[in-house]
Amino acid sequence: MLTADHAVAARYRELRQATRDGRPEAAEELLRNMSAEVRVRIVRMIDAAQLGHIGGDLSVTDILVTLFGAVLDVDPEHPRSPGRDRFVLSKGHCAAALYSTLAHCGYFADKELDTFMAPLSALNGHPNRRKVPGVETNTGPLGHGFPVAVGSALAARLTGGNWRTVVVLGDGEMQEGSNWEAAMTAGHHGLSSLTAVVDRNRLQQGARTEDTKTLEPLADKWTAFGWETRVVDGHDHTALLAAFGPSTDGRPVAVIADTIKGKGVSFMEDRVEWHHKVPDKQQVQAAIEELSR
Amino acid sequence: MTNTTVRTDADATYDCRQVFAEELITLAREDPRVVAVCNDSVGSSNLTGFRAEFPDRLINVGIAEQDLVGVGAGLANGGMIPFVSAAGPFLTGRALEQIKADCAYSGHKVVLCGQSPGMAYGELGPTHHSVEDLSWLRAVADLPVLVPTDREQTRAAIRWAYAFEGPCYLRVPRFKVPDVIPPDAPFGPGRSVTLREGTDATVIAIGTLVSRALAAAGALAAEGISVRVLNTPFVDPLDEAAVLSAAAETGALVVAEEATLSGGLGAAVASLVGQHRPVPLRLLGVTGFAPTGDASYLLEHFGLTADGIRQAVHEVLAMSSSAV
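Chains as they are written, first to last, in the numbering used here: chain D, 702 to 994; chain H, 54 to 377.
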């Protein structure tokens with residue numbers, strides 16, 4: 702199991718303080734800067750590993766950064782604290798985005814990211830809770846994280862715990878039947894402490910979601926399953942922050958975050974081939990320059 | 054080693070689901086973390102008493118087995134001790150990937166309870182038979198696989214699963230069997246129970262086949278053949294030392310289980326002795342999809358009877374003598 706980087710964790714606590722207590726514009730700027738750093742690190746990790754799911758990593762980054770930077774009540778130095786908020790990345794193939802975010806928060810040292818997918822690294826291509834602090838359940842096969850998040854929210858209710866549970870799903874992943882089983886369970890039980898975020902980048906591995914198996918009207922589907930549904934720009938930190946607010950009426954909250962696959966790198970944006978294509982050296986250079994502006 | 058005889062009247066047989074229900078209620082009274090999770094199977098999992106006493110701690114996810122197991126893992130993540138209960142075929146077949154990824158690989162302590170295992174649902178047919186569960190789950194790392202035999206061993210299995218630090222799978226027997234396991238028998242991973250000593254051959258049996266193995270050993274004794282009967286309630290991890298000792302000391306093995314021969318206890322024993330102590334071996338179990346018939350009929354159909362075991366012992370003894 703990796704261990705915390707205490708200096709980075711201390712800086713993370715300051716960031717959390719600032720994003721929570723400061724003015725919204727200040728939070729926006731802090732989160733935007735964090736997103737830029739997380740994205741650059743993702744590109745470097747994938748360059749080093751020569752493997753990864755760069756398109757989805759870049760589409761989900763602002764969601765992860767907003768959650769860890771300003772929403773979740775977590776402590777990277779005590780990752781198994783019983784009352785912690787639970788975060789589940791159901792789209793586990795975007796592990797690089799999660800690892801980059803977790804390292805930025807001090808869950809483990811930044812240098813570990815250089816081992817991404819290397820032999821014997823803790824940082825597998827899909828997250829492993831027995832090796833990586835901050836990971837709640839092992840995901841990778843799609844349609845797994847959501848039911849586990851429902852169980853976590855049920856446990857909070859049963860124990861009187863006040864933690865919230867947030868699960869991030871891919872939009873293509875909503876084609877998995879198990880996710881709708883979970884949505885129905887959460888709706889039935891009115892699990893208001895549960896938030897499901899859909900990274901709605903409209904692309905899946907092979908094609909557009911709507912050309913593969915139609916998801917729309919997606920918001921209506923969530924509503925029909927008993928959820929309070931919010932549709933939001935998934936790259937607008939301020940809008941995401943508002944969308945991640947608590948349930949207003951006792952239903953679980955679904956946030957459909959409209960995103961762009963490959964966000965921030967113009968030649969990758971909204972292009973299906975960048976699902977798991979690995980950039981060459983020139984492309985890496987161009988991507989980092991664009992993300993650093 | 055314990056050497057015992059059948060301690061109850063062989064005519065008295067019991068469905069172990071009652072013990073499962075009693076033990077779960079006892080644990081729930083002792084520990085508020087214990088919850089039951091089921092898939093519209095309150096009745097068939099015998100959880101009506103549990104629901105009456107702990108209505109909030111019986112979570113019925115409806116007919117949704119993937120959700121069932123995932124929710125169980127999430128409850129474990131949140132500090133609960135979930136007993137996830139469903140008919141064996143649906144729990145292990147439909148939710149196999151959840152068992153692997155959410156429970157075993159994630160290390161979430163979920164007690165997976167396969168109800169009405171084997172061919173207990175007889176006439177309902179192979180869709181409802183759980184004869185592949187041992188094969189599928191033996192192949193999953195970090196997941197002990199338990200097949201208790203009678204009421205006492207079912208109780209022991211539930212207690213052990215409750216105390217164990219990780220997830221496990223256990224069959225909850227439905228087909229009525231007599232009490233055959235002594236109350237002081239050892240129970241733990243890699244532990245077996247020697248129910249009868251013998252020198253000419255060993256029958257290794259689990260679940261419904263244990264009482265039948267003892268009956269076969271009794272019949273063979275009358276023929277002058279001395280048979281050891283070994284019970285391995287942990288199909289995984291197996292008591293390898295006891296199996297290898299049986300091979301070395303008795304020189305011939307018969308394995309009997311209410312499960313497919315492709316990958317269950319018999320396959321585990323064959324792999325072990327084939328590599329470390331080859332001896333004549335016969336495996337009794339289920340082959341192919343079962344025809345229509347009640348559970349008793351089907352056990353007979355596949356030769357999973359005292360007489361079937363007796364014949365298999367004669368076969369391995371014949372192999373031994375022809376090899377000399």
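Hints listed in this document are in silico derivations from the structure and should not be mistaken for laboratory results.
Glycine included, each C-beta is placed from N, C-alpha and C at the ideal position.
Hints are not guaranteed to be accurate.
Pair by pair, the computed Cβ-Cβ distance ranges are [claimed, not checked]:
1) H:D84 with D:E990: 34 to 42 angstroms
2) H:L325 with D:G891: 47 to 55 angstroms
3) D:M702 with H:L325: 51 to 59 angstroms
4) D:A819 with H:T180: 40 to 48 angstroms
Comparing the hints with the structure gives:
1. H:D84 with D:E990: 34 to 42 angstroms: Given a distance of about 58 angstroms, which is not inside 34 to 42 angstroms, the answer is violated.
2. H:L325 with D:G891: 47 to 55 angstroms: Holds: the Cβ-Cβ distance is about 51 angstroms, inside 47 to 55 angstroms.
3. D:M702 with H:L325: 51 to 59 angstroms: violated, 33 angstroms
4. D:A819 with H:T180: 40 to 48 angstroms: holds, 45 angstroms
When held up to the earlier numbered hints, the structure conflicts with 1, 3 and fits the remainder.
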